[in-house]
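In order, the protein sequence lines correspond to chains A and B.
Per my numbering, the first sequence starts with residue 166, numbered consecutively.
Per my numbering, the second sequence starts with residue 8, numbered consecutively.
What the hints contain is simulated information worked out from the structure, not anything from laboratory work.
Errors might be hidden in some of the hints.
[Stated by the list, open to error] Partial selection, computed: residues in chain B whose CB lies under 8 Å from chain A:
hint, residue
1, S57
2, N59
3, N62
As the structure is a prediction and not an experimental result, all values here were calculated from the model.
Glycine included, every Cβ here is placed at the ideal spot set by N, Cα and C.
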Amino acid sequence: METFSDFQCPACKQLYLGTTRQLTDNYISTGKVFAIHRDFPLPGHAYSRIAARYGRAAAQLGKLEQVEQVLFQNQEKWEQTGDVDGTVASALTPTEMNKIRALVNSPGIDAAIEKDVALGRTYGVNQTPTTIIHYKGQTFPVTGVVNYDALHSFLDQLLSTR
Amino acid sequence: MMQSSPLNWRRAVILVGRLALAAVFLFAAYSKIFLPNSLFGPLPMKLAMSVNLQNFVPSVEQYKVVSHGAAVSIAHALPFVELFLGLLLLIGWRIRIWLSAASAMLLGFISLLTWAFLNHMDIKDCGCFASSTPEPLNGWTLLRDGIFLAFALLITFLAFVEARKPHSWTAPANS
Chain A
166 METFSDFQCP
176 ACKQLYLGTT
186 RQLTDNYIST
196 GKVFAIHRDF
206 PLPGHAYSRI
216 AARYGRAAAQ
226 LGKLEQVEQV
236 LFQNQEKWEQ
246 TGDVDGTVAS
256 ALTPTEMNKI
266 RALVNSPGID
276 AAIEKDVALG
286 RTYGVNQTPT
296 TIIHYKGQTF
306 PVTGVVNYDA
316 LHSFLDQLLS
326 TR
Chain B
8 MMQSSPLNWR
18 RAVILVGRLA
28 LAAVFLFAAY
38 SKIFLPNSLF
48 GPLPMKLAMS
58 VNLQNFVPSV
68 EQYKVVSHGA
78 AVSIAHALPF
88 VELFLGLLLL
98 IGWRIRIWLS
108 AASAMLLGFI
118 SLLTWAFLNH
128 MDIKDCGCFA
138 SSTPEPLNGW
148 TLLRDGIFLA
158 FALLITFLAF
168 VEARKPHSWT
178 APANS
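Bound conformation, chain A alone (with noise of 0.2 Å):
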C-alpha cells in the first residue's frame, strides 16, 4: 500500500489522524499490510517541498514516524510560519536533529522525493493523499481520504480472498 503524501495538505492530515495511526495499528504493525511513504508536494503549497525533505531525511534515520506526526498535528502552525525546522526538532533529540540537517540540503534527498513524484506520475496520480493499494497484481487506486472503517472492510474483504 503506498500513500502518495503532502506534509502541508489538510486531507493528507486528516487521512493520517484519522485513518493511517488505526491503520498502522491493526494491519501494519501486525504485518498484514506493508505500507510505504511516498512523497507528492504540490506545487500551490510554500514548505511542502521543505517539509517533505525532513521527513526524507528522518526516514534516513529510522525517525519518520515521529516527524510524520509531529508535522501533521502542528500543520496549522508551521504552514503560518513556515518553521519547519523548529517542529521537527521539537519531535527529536538534539544530536537526531544536527544529523536531519546536515540530510535535509543533500542532493540524495531532493532525488528521492523527485522519483516518488514521477512514480505517483505515472499512476495518474494528481491529488494528495491518493493511496495505491496492491494486492495479488491488481491495483486499486484510492484519491482523497478514506475512513478507516471503510478501508478495514475493504481490506479484509481483499485478505480473506487468499
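Assemble chain B onto chain A, guided by the hints.
Using the frame of chain A, we list chain B on its own:
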C-alpha cells in the same frame, strides 16, 4: 382570431433557465458523488462513494460554522439534495416549488461565502464543485455564484409571473 403560441419569450427563458440551473445542480452533485474515484472503477462502489463524500467534509468544515459531526452529515447529504433538486428541475415537475428551493439553496451558499469572504477566512476550497484542483474562495467564485443566484431568482420570478397569466389556449370564461 389568431392565438399566440404557448411558448412565448417568457416561457422560453424559463425553460432554458430551468435546464441551465438543473445542469449546475447536477454537475455539483456529480462532482461530489462520482469524483475523483469512479464508482465503476476497480474499487468497490460503496468504498469509492464513501471516499468521494468524505473528501467533501474538509470543505464544509473549513467554514467553521458547524461541528465535525454536523460537517460529516452535511457532506454526506448535501450532494444528494443537489442531485434530487437537479433532477426535479430537469423534469420540470412543480417547477415553481423547486425553482424556489434552488434559489433558497443558492442564497444560503452565497450568504455563507460572502460571510467567509468578508471575515477574510482562508477558504482553500469553496466546496462549490469538487475537482482535483481545490477552488479557493475569492472574488471570482463569489461573482460566479452570485450570477447563479441572480439567474435563479430571475427564473423563479418569471415562473411565478407566468403562472398568474391565463394560458393562451385557455377557453374564455362564458359570460
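Does the closest beta carbon of chain A sit nearer than 8 Å to the beta carbon of S57 (chain B)?
holds (4 Å)
Take the shortest C-beta to C-beta distance between N62 (chain B) and chain A; is it under 8 Å?
This interface hint holds because 4 Å falls under the 8 Å limit.
Holds or violated: is there a CB of chain A closer than 8 Å to the CB of N59 (chain B)?
At about 7 Å, which falls below the 8 Å cut-off, the nearest Cβ of chain A leaves the hint on N59 (chain B) intact, so it holds.
The earlier numbered hints are all upheld by this structure, with none contradicted.
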